Amino acid sequence: MSAREAILQRIRSAQAHAVVPEVERIIANPVRGPQPAPVADLVSRFIEQAQALSSQVLRVDARNEIPHTVAHYLAENSLGNHALCWPDFLELDWIAARIVVAAQPTSADDAVGITGAFCAIAETGTLMLLSGAHTPAATSLLPETHIAVLDSARIVATMEDAWDLLRRERGGLPRAVNFVSGPSRTADIEQTVTLGAHGPARVLIVLVG
Amino acid sequence: MRVGLFVTCLVDLMRPSIGFATLRLLAHAGCDVIVPEHQTCCGQPGYNAGDHTAARELAIKLALEFADCDYVVVPSGSCAGMIRVHYPTLFPDDSEPARRVRALAARTYELTDFLVNIAKLQDVPGRFTGNLTYHDSCSGLRELGVKQQPRALLAQLPDATLKEMAQCETCCGFGGAFSVKFDEISSRMADNKARHIHASGANTVVAGDLGCLLNIEGRLRRIGDQATRVLHIAEVLAGDEGQTS
Amino acid sequence: MKVASLKFQRNAGKSLNNKTLQSALKNIESRFVGARREAISHLDDFEAVRSRATTIRDQVLANLDQWLIRFEQEAQRRGAIVHWAETAEEANRIICDIARQYGVKKAVKSKSMVSEECGLNDALEAAGVQVVETDLGEYILQLAHEPPSHIVAPVLHKTKDEVSDLFAQHHHLPRKTGIAELCQEAREILRPHFIAADMGISGANFLIAETGSVLIVTNEGNGRLATTLPRVHVALTGIEKVVPTLEDATTLVRLLPRSATGQDITNYVSVLTGAKALDESDGPEHFHIVLLDNGRSKMLGTKLQAMLRCIRCGACMNHCPVYQNVGGHAYGWVYPGPMGSVLTPSFAGLAATLPLPNASTLCGACAVVCPVSIPLPDLLREVRHQQSLANLRPWRERKALAVWAWLALRPIWYARCAGLMSRVLAWLGGAKGRIGWLPGAWTRGRDLPAPAGQTFRDLYRKREKP
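The listed protein sequences derive, respectively, from chains A, B and C. Taking the numbering used here, I'd label the letters of the first sequence as residues 1 to 209. Taking the numbering used here, I'd label the letters of the second sequence as residues 210 to 454. Taking the numbering used here, I'd label the letters of the third sequence as residues 455 to 920.
FYI, nobody ran anything at the bench for these hints, they're computed from the structure. From a predicted model like this one, the values you see are computed outputs, not experimental measurements. A virtual CB, placed ideally from N, CA and C, is assigned to each residue, including glycine. Be aware that one or more of the hints could be misleading.
As the list claims (entries may be wrong) - Simulated coverage check for chain C against chain A, where a stretch passes if three residues somewhere in it have a Cβ under 8 Å from a Cβ of chain A:
| hint | stretch |
| --- | --- |
| 1 | 455-464 |
| 2 | 520-528 |
| 3 | 672-680 |
| 4 | 702-709 |
| 5 | 726-733 |
| 6 | 776-786 |
What the hints assert, rightly or not - DSS-like cross-link-like pairs, simulated, lysine-lysine; straight-line CA separation at most 25 Å:
| hint | chain 1 | residue 1 | chain 2 | residue 2 |
| --- | --- | --- | --- | --- |
| 7 | B | Lys390 | C | Lys630 |
| 8 | C | Lys630 | C | Lys473 |
| 9 | B | Lys372 | B | Lys356 |
| 10 | C | Lys853 | B | Lys270 |
| 11 | B | Lys390 | C | Lys473 |
Work the whole structure out from these sequences, hints included.
Below, the structure written as structure tokens:
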């Protein structure tokens, strides 16, 4: 008998009571747990929570302001003028902002990664990133600085709302869904929080609109 | 109302004054108190050591002895918790003894819980002058929800000031057999408790369980504190600690 | 990992007298306990979320076979390969085979207590695979050749200075003293390992049946790196970790970091489904999931079943006054504290773990904070009961209990003995009213306040019938 059969058989004999299988019904009708109280202004709630987790948030009115905002941020933090980005952002006028961007697989030496986000969650100030051919996961992971561009209309209240949005727009999950809430951190040594562990040490959210 | 006093084996042996203080409080609350003569132990030592047989037999014995009481009152959160919370789990079936034991469980109360929520005592008879701090014994607190009751009663003592210690809900390290099986850990836990008692500024520590009191007092004396008074809540509320009649 | 739980008493004693450890343990109260209290207060109704989480876990355990099959189907449909392992050895064998199949030379690991349970690192090293722990805490332990002392903060027992010494000795770089510098140094040392690794090994906080996904919560980002860069990803986890839907996983994620580290959410929550698509530039080409039983299914249908709800947050140990004083190593295996004292006997056997369930005052602080309402004191009592039924309790204890039970059921004899003891103790107490030495352990660390010399029952009888 295979391990699989042996384990399943042991489970079944322990569950001697007959339970009607409801697996598919439960999956078809997912139940939300208790939800946080609704907030009137999702954008300000998101900003507040993101900042509490040490993300920086800068607001711009339109997409064409992104390169200048990024340039200003990079200069202010002495982060150079090179960045990797998702291909979606190549169309912006980076030259005018004196930023050199490239959309290619991330290497260990890249200092800045610019990504979009599928949506964001106001409850915890969290970005939701989906992996894909044009949205590689490593861009938000390897560089020391992660800059995420987020459309303010894509801020939802809770993670449950984000799942609903994903099911509605994409039908299912991509290989990797990464929820990002601020720069990477560790508190392993003496339970003292230090920002910048293995992932980015800085997260900037450029909020559009 | 007819109230049976379950003295507990520890009070019977180690500090009878707590039993008499309890009698005085119950009488003061207008209860008609009986003290069944052949009571011994609730069975907790066996139950917590994994021996359910003796615990079951003692539960049946107790249910018989207190059969004609409206309430059973216990000056100990852990013994009251044993009867109220754990007896029913030892008798899940529908037999006659099981029904009797479950009925006993339902009408058993820890002393301060009974005085506040059943007897609705408004004027405790004791007198106490000075600062005291209260240690929340684990079983009373977490199995029976005894938290505000002792504080409400202490507040009825006009000259007593409650100075809460830090971590008043943290275990003192007694834990029955734990205190001798793991005496080093137990002593360290009692040390932590002693530190918080001292930091509170109170010169009297009060609790609702004699096991905790013996542990705390024993450690305080061993580390050289002969001054801090260690009293059962009944002794404070009845104001007759040390007297036996 | 070898089980050293029988030495609990001796190791706990050493821990109590280890000044460095005692100073490290002080962080539990100041960091974890306070942070959890604060984070829980951010939920509008913690008890409601907790009750829902408990229901979710119970729902899965009631039909665990079907949820596992549903998970397996969906994971396979998405291109993952699912393995089942009855024992730790079998899990190790499966993972070594995977490594051999893909010609793996180096594996990077994200923190996984299940892999500690299996002793996976040793097995892989023996199979010629270099294993690099990448969670900062686990990395420190790998350098120090020590087991974790906490399931969330594995290196809780070490101070900054000890880490400084360890890094200086292994990295051959100038000794750093600041925590931020030490973290930076570890980042720089470990980054090339991530890039060079052929295989990433992770655990799974949850398996999602709806989507066949593995959910991982991390803060450092090492979990993301280990599951994104290497061409093979192996997730090793227990069969009990499955939850039905994304919504259910979300409810549990609301509780896990709050209960564990007092964070509203961890920096990263990654939901990984299947292998990389052809057009993706990153992600593992091969995704293997190993489902480990190792004693879990035996707990189903028993009084210990509730233990399988556990989501490994560590709140029970953080709030346990015994753990707070002795730390995790004393418990002698991977899972310390209250949850470990229930799990370890089930996994490693009652006989090898005799002290564990008894090393608790049953104070109940653990049950109050458990995010899935596991009645830990009741389960500890149940393990004690199993020990008693198996006749594993020491001879002296059994005799003492037999004498106690005999007397307690015979009131006349009981009264005589109590009366005698009261007189003897009062005499021993003398004028001071306390006893400094008695046979047995009580007076090793404490005096015994002496009784007055007459029992309550004697005094009461005299009062009623003078």
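Okay, the hints, checked on the actual structure:
1. 455-464: violated (count 0)
2. 520-528: With 5 residues in contact (Cβ-Cβ under 8 Å with chain A), the coverage given for the stretch 520-528 of chain C holds.
3. 672-680: holds (count 6)
4. 702-709: Coverage by chain A holds here, the residue count being 5 at a Cβ distance below 8 Å.
5. 726-733: Since three or more residues must qualify, the claim that chain A covers the stretch 726-733 of chain C holds, with 7 doing so at under 8 Å.
6. 776-786: The restraint on the stretch 776-786 of chain C is violated, since only 0 of its residues have a Cβ under 8 Å from chain A and three are required.
7. Lys390(B) x Lys630(C): Not OK: Lys390(B) and Lys630(C) at ~43 Å, beyond 25 Å, violated.
8. Lys630(C) x Lys473(C): Measuring from Cα to Cα gives roughly 23 Å; hence the hint holds.
9. Lys372(B) x Lys356(B): holds (15 Å)
10. Lys853(C) x Lys270(B): Measuring from Cα to Cα gives roughly 22 Å; hence the hint holds.
11. Lys390(B) x Lys473(C): Roughly 23 Å separates the two Cα atoms, so the pair holds.
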